[in-house]
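*Asks:* Produce the complete structure using the sequences and hints provided.
2 protein chains.
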Amino acid sequence: MKKLRYAVIGTGALGGFYGGMLAHAGNDVHFLFHSDYDYVRENGLKVDSVIGDFHLNKINAYNSTAQMPPCDVIFVCLKTNNNKMLAQILPPLLHEKTCVILIQNGLHIESNLAADFPNLSIAGGMAFICSNKIGKGHIAHLDYGKLTVGSYQGENEALLKQVCCDLEAANVPAGYSDNLEESRWKKLVWNIPYNGMCVVLNTTTERLMQNKETYDLIRDLMLEVIGAANACGVGIEEGFAKDMLDSTLRMKPYAPSMKLDYDFKRPLEIEAIYSEPLSAACDAGFDMPKVAMLEQQLHFIQNGYC
Amino acid sequence: MKKLRYAVIGTGALGGFYGGMLAHAGNDVHFLFHSDYDYVRENGLKVDSVIGDFHLNKINAYNSTAQMPPCDVIFVCLKTNNNKMLAQILPPLLHEKTCVILIQNGLHIESNLAADFPNLSIAGGMAFICSNKIGKGHIAHLDYGKLTVGSYQGENEALLKQVCCDLEAANVPAGYSDNLEESRWKKLVWNIPYNGMCVVLNTTTERLMQNKETYDLIRDLMLEVIGAANACGVGIEEGFAKDMLDSTLRMKPYAPSMKLDYDFKRPLEIEAIYSEPLSAACDAGFDMPKVAMLEQQLHFIQNGYC
Chain A
44 MKKLRYAVIG TGALGGFYGG MLAHAGNDVH FLFHSDYDYV RENGLKVDSV IGDFHLNKIN
104 AYNSTAQMPP CDVIFVCLKT NNNKMLAQIL PPLLHEKTCV ILIQNGLHIE SNLAADFPNL
164 SIAGGMAFIC SNKIGKGHIA HLDYGKLTVG SYQGENEALL KQVCCDLEAA NVPAGYSDNL
224 EESRWKKLVW NIPYNGMCVV LNTTTERLMQ NKETYDLIRD LMLEVIGAAN ACGVGIEEGF
284 AKDMLDSTLR MKPYAPSMKL DYDFKRPLEI EAIYSEPLSA ACDAGFDMPK VAMLEQQLHF
344 IQNGYC
Chain B
44 MKKLRYAVIG TGALGGFYGG MLAHAGNDVH FLFHSDYDYV RENGLKVDSV IGDFHLNKIN
104 AYNSTAQMPP CDVIFVCLKT NNNKMLAQIL PPLLHEKTCV ILIQNGLHIE SNLAADFPNL
164 SIAGGMAFIC SNKIGKGHIA HLDYGKLTVG SYQGENEALL KQVCCDLEAA NVPAGYSDNL
224 EESRWKKLVW NIPYNGMCVV LNTTTERLMQ NKETYDLIRD LMLEVIGAAN ACGVGIEEGF
284 AKDMLDSTLR MKPYAPSMKL DYDFKRPLEI EAIYSEPLSA ACDAGFDMPK VAMLEQQLHF
344 IQNGYC
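Those sequence lines, one after another, are chains A and B.
The numbers in our numbering rise by one with no breaks, and the one at position 20 of the first sequence is 63.
The numbers in our numbering rise by one with no breaks, and the one at position 179 of the second sequence is 222.
Among the clues, some could well be false.
Which copy is meant is left open, because identical chains are indistinguishable; a pair holds if it fits in one copy or across any two.
Unchecked claim - Okay, derived cross-link-like pairs now, SDA-like style, lysine to any residue, Cα gap no bigger than 25 Å in a straight line:
#1 K308 - R250
#2 K255 - R309
#3 K140 - F283
#4 K295 - N346
#5 K255 - G270
#6 K255 - A323
#7 K295 - A327
#8 K285 - D330
#9 K285 - N273
#10 K127 - G55
#11 K295 - H342
#12 K255 - Q345
#13 K127 - S318
Simulated from the structure, these hints should not be mistaken for laboratory data.
*Replies:* Structure, rendered in structure tokens:
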């Protein structure tokens, strides 16, 4: 099978780790940088990982997709707030069979992209990973790491499975989901409680779990998300909440991506992680009062009133 | 009619203002102090009020009720967290007809006192006021000020009406409520949203009102409290929420008492303001999910995890 050529759009906590691991294993990977471009051209990309540190002295770094070659697989690792830029960013990278994998949080992001690219092969990627960008061209991978991919549109199952093989060969756990919608909702079961609560209470997942009342609240939020998924026709058992709680208890103290966005005064991904699921639940006649309250509190913070 | 002798237990934002206004108007008022006792013996009590500043050079100040005379009316203005001390504090002040008025926030505080003093004349006081203790023996009265009193047990209607007359004569708006339970719930319609939200989002009432999402959330919380009151057999119209929102919009920017407790690292009155109403609503089969979430978040903060 022909070796795949990869592009990484947004080389941060996720793109830097997954793209970095693939490049480190000898794959052909092309990275788009924004503010770190000059630094990385000089110094390369550094990944401090629990499974082994490495430093890529020379990588294919770009600051515009116009200079990049067409690729077989594109990992989109932007913040969803920037997805409106994809209509301009993607075209130079696309050939007839290019598959775009949105490794992002939230709901309905694939459908938004499909509206602009109705014939594009599109997939979603759910990263269950603790990793942060801690400096220019510098990623810290703290825990976990599995990437699950699932198709949204196009005949891309074989390609996505090859991507999983490449990842596994690069020492990254990967899996193919034949139900992207379910995988997206399952990811939300974790993302909705922990991201928002870490911001509103300015804390870490560990502290939320140590305190009885917030442990209960995290579980309440998870059960609302599971209820909403079921109302939307996506079957998730209530016991999945317990699995997520347990795996978070085993997790190293971690600041989720929205907490880092908050700390660094970047926009929060409220729309994709909260508003879209709330709107889907509402359309299905299901009420998520605590999730709605979390969204309301996050808007207050986002609007700079804190 | 015989002039009433007053005791003020807890001379802070409320006790200092109401007791100070009564003393300033020539009433016989005896104040219990805790940490400010020595300062006030030297310097008296200072009230900066929107309706006129004054300074009481010499007041009847005590640091123990054992030295205080029996009184006709006792204003209890402690934090509810300290109400367990009342069983020891009150006895020296009581004669056969003494009426204790709990000028405090929350629900079921009168019944807790009645359990220790089954034959005591007990009333509740609801203060709709913006006032803060800003220094030793120093109260700032910023806005509003009405005190509503209502009987809980004992034949005290005439006495309470005389208290209202004394307050009015001292330039303090006062009213007698013949339905304490309703007045308590109405007070909660304001207290539950603003106290907790100002703490969780570390902000002021004004900022909560300026931001659309938190304005909506405040209204959601108010409607949950009104729903709970109705489920508990206390009729409050939904339109009362609008009245409270409107009067808060007209209010000067204000940090509610729980926000000051938070700022000064004092215990928060979670039990009386949140847990008791939630428990009453639960017993009546009514769900208050957003109020419950606010309580959960406050416990996290109270437990020192922030």
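*Asks:* Does each hint fit the structure? Answer for all of them.
*Replies:* For each hint, the structure was consulted:
In this assembly of identical chains, the alpha carbons of K308 and R250 lie at most 25 Å apart whether taken from the same copy (22 Å) or from different copies (19 Å). Taking the shortest Cα distances, K255 and R309 sit within 25 Å of each other only across copies (21 Å), while inside one copy they are farther apart (30 Å). In this homomeric assembly, K140 and F283 never come within 25 Å of each other (Cα to Cα): the closest approach is 36 Å inside a single copy and 61 Å across copies. In this assembly of identical chains, K295 and N346 lie within 25 Å of each other by CA distance solely across copies; the values are 21 Å between and 31 Å within a copy.
Taking the shortest Cα distances, K255 and G270 sit within 25 Å of each other inside one copy (22 Å), while across copies they are farther apart (27 Å). In this assembly of identical chains, the alpha carbons of K255 and A323 lie at most 25 Å apart only when taken from different copies (22 Å versus 30 Å within one copy). For the homomeric pair K295 and A327, neither the shortest alpha-carbon distance inside one copy (36 Å) nor that between copies (42 Å) is at most 25 Å. Proximity of K285 to D330 under the C-alpha cut-off of 25 Å is found in both arrangements, the shortest distances being 21 Å within a copy and 23 Å between copies.
Proximity of K285 and N273 under a CA criterion of 25 Å is satisfied intra-copy only: 17 Å inside one chain copy versus 35 Å between copies. In this homomeric assembly, K127 and G55 come within 25 Å of each other (Cα to Cα) only inside a single copy, at 18 Å, whereas the closest approach across copies is 55 Å. In this assembly of identical chains, the alpha carbons of K295 and H342 lie at most 25 Å apart only when taken from different copies (23 Å versus 28 Å within one copy). Proximity of K255 and Q345 under a CA criterion of 25 Å is satisfied inter-copy only: 12 Å between copies versus 27 Å inside one chain copy.
For the homomeric pair K127 and S318, the shortest alpha-carbon distance inside one copy (17 Å) is at most 25 Å, but the shortest distance between copies (45 Å) is not.
Checked against the numbered hints given earlier, the structure breaks hints 3, 7 and satisfies all the rest.
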